[in-house]
Every structure is written in C-alpha cells, then in structure tokens.
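J.: Sequence:
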Amino acid sequence: METERKEWPKKTKIITDKHEIKKIIAIIQSYSKTDYYFSGKYQYSLLARGMQHEYALDMFKKFELVRYIEEDTLKFGDTGYDLYYEIKQDFHHFVIGVALNKKTGKLDFIHVYDFRKNLQKYIKIKKSAE
8 METERKEWPK
18 KTKIITDKHE
28 IKKIIAIIQS
38 YSKTDYYFSG
48 KYQYSLLARG
58 MQHEYALDMF
68 KKFELVRYIE
78 EDTLKFGDTG
88 YDLYYEIKQD
98 FHHFVIGVAL
108 NKKTGKLDFI
118 HVYDFRKNLQ
128 KYIKIKKSAE
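Per the working numbering, the very first residue in the sequence shown carries number 8; after that it's consecutive.
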C-alpha cells in the first residue's frame with residue numbers, strides 16, 4: 008500500500024520594505040545566544056563552503072546590512088527567514104537562514120552561504136515568481 012505524501016503549503020513572502028525588515032529583525036534579536044540551535048544542515052553548509060562558524064555569527068549580528076528577507080512557512084508551522092546581507096557593492100552578499108521554532112522556543116540556524124549576484128535583479132525575479 009502506497010502512502011500519500013502530503014506537502015505543506017510552503018508560502019514564500021518577499022520582504023524589501025525597511026519597516027517590515029526592522030520588525031522581523033527585532034523578533035530575531037529577542038533571542039539570546041542560549042536560544043540558538045545550529046542544525047546539521049547549517050553545520051554542513053559551513054563545511055561545504057569552507058566558512059568559519061565565528062564568521063557566520065559575526066555576519067549574522069550585522070543586521071544593518073540586511074537588504075531583503077524571504078519569509079517561509081515551514082513544514083511544522085514554524086516561520087523561517089532567509090536574511091540577505093549586502094556586504095559590498097560588487098555583488099557580494101551573505102545569506103543566513105533561521106527558523107523560529109515554536110516547539111522548542113529556539114532560533115534554529117538552518118543554512119548559511121555567500122554569493123555574488125546582483126541582489127536587486129535577484130529580488131525582481133523572485134517577486135515576479137510570487
């Protein structure tokens with residue numbers, strides 16, 4: 008007997024409004040270091056990219072560099088955020104994915120990476136796909 012796989016209704020919201028970004032950052036900042044949980048996927052993404060954990064945490068704290076946020080409803084109803092940081096004007100960006108875990112009350116770190124793209128063009132494409 009085949010089990011039917013149920014997909015959760017993943018809804019991605021693109022946030023570029025500075026006021027909305029500040030509200031989300033305030034929620035994230037309300038978590039202390041003791042509330043952080045670093046998932047296996049996060050640890051793997053560090054290793055795969057040769058990135059140091061300390062660098063990722065230092066970048067994570069530079070909320071003034073956040074230019075864009077993707078908000079998702081995750082599988083178990085938690086809210087996930089991909090924070091896009093603009094490091095330099097030469098298309099160098101840093102992304103860290105976190106989730107507000109309702110069950111544990113923790114801030115789960117999901118993934119981390121840096122990339123070189125035109126962020127404005129990327130946002131435009133993502134918004135057109137909504």
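It should be emphasised that the hints constitute simulated quantities derived from the structure, not laboratory data. Keep in mind that the hints are not guaranteed to be accurate.
Pairwise CB distance ranges (calculated) [what the hints assert, rightly or not]: (1) Glu61 - Phe122: 27 to 35 Å; (2) Tyr51 - Leu81: 27 to 35 Å; (3) Glu78 - Lys40: 32 to 40 Å; (4) Thr111 - Thr19: 32 to 40 Å; (5) Lys48 - Glu78: 17 to 25 Å; (6) Ser39 - Leu72: 33 to 41 Å; (7) Lys131 - Glu61: 29 to 37 Å.
We put the beta carbon where it would ideally sit given N, CA and C, even for glycine.
J.: Of the numbered hints stated earlier in the document, which are not met by this structure?
T.: Violated hints (numbers, rising): 1, 2, 3, 4 and 6; every other hint is consistent with the structure.
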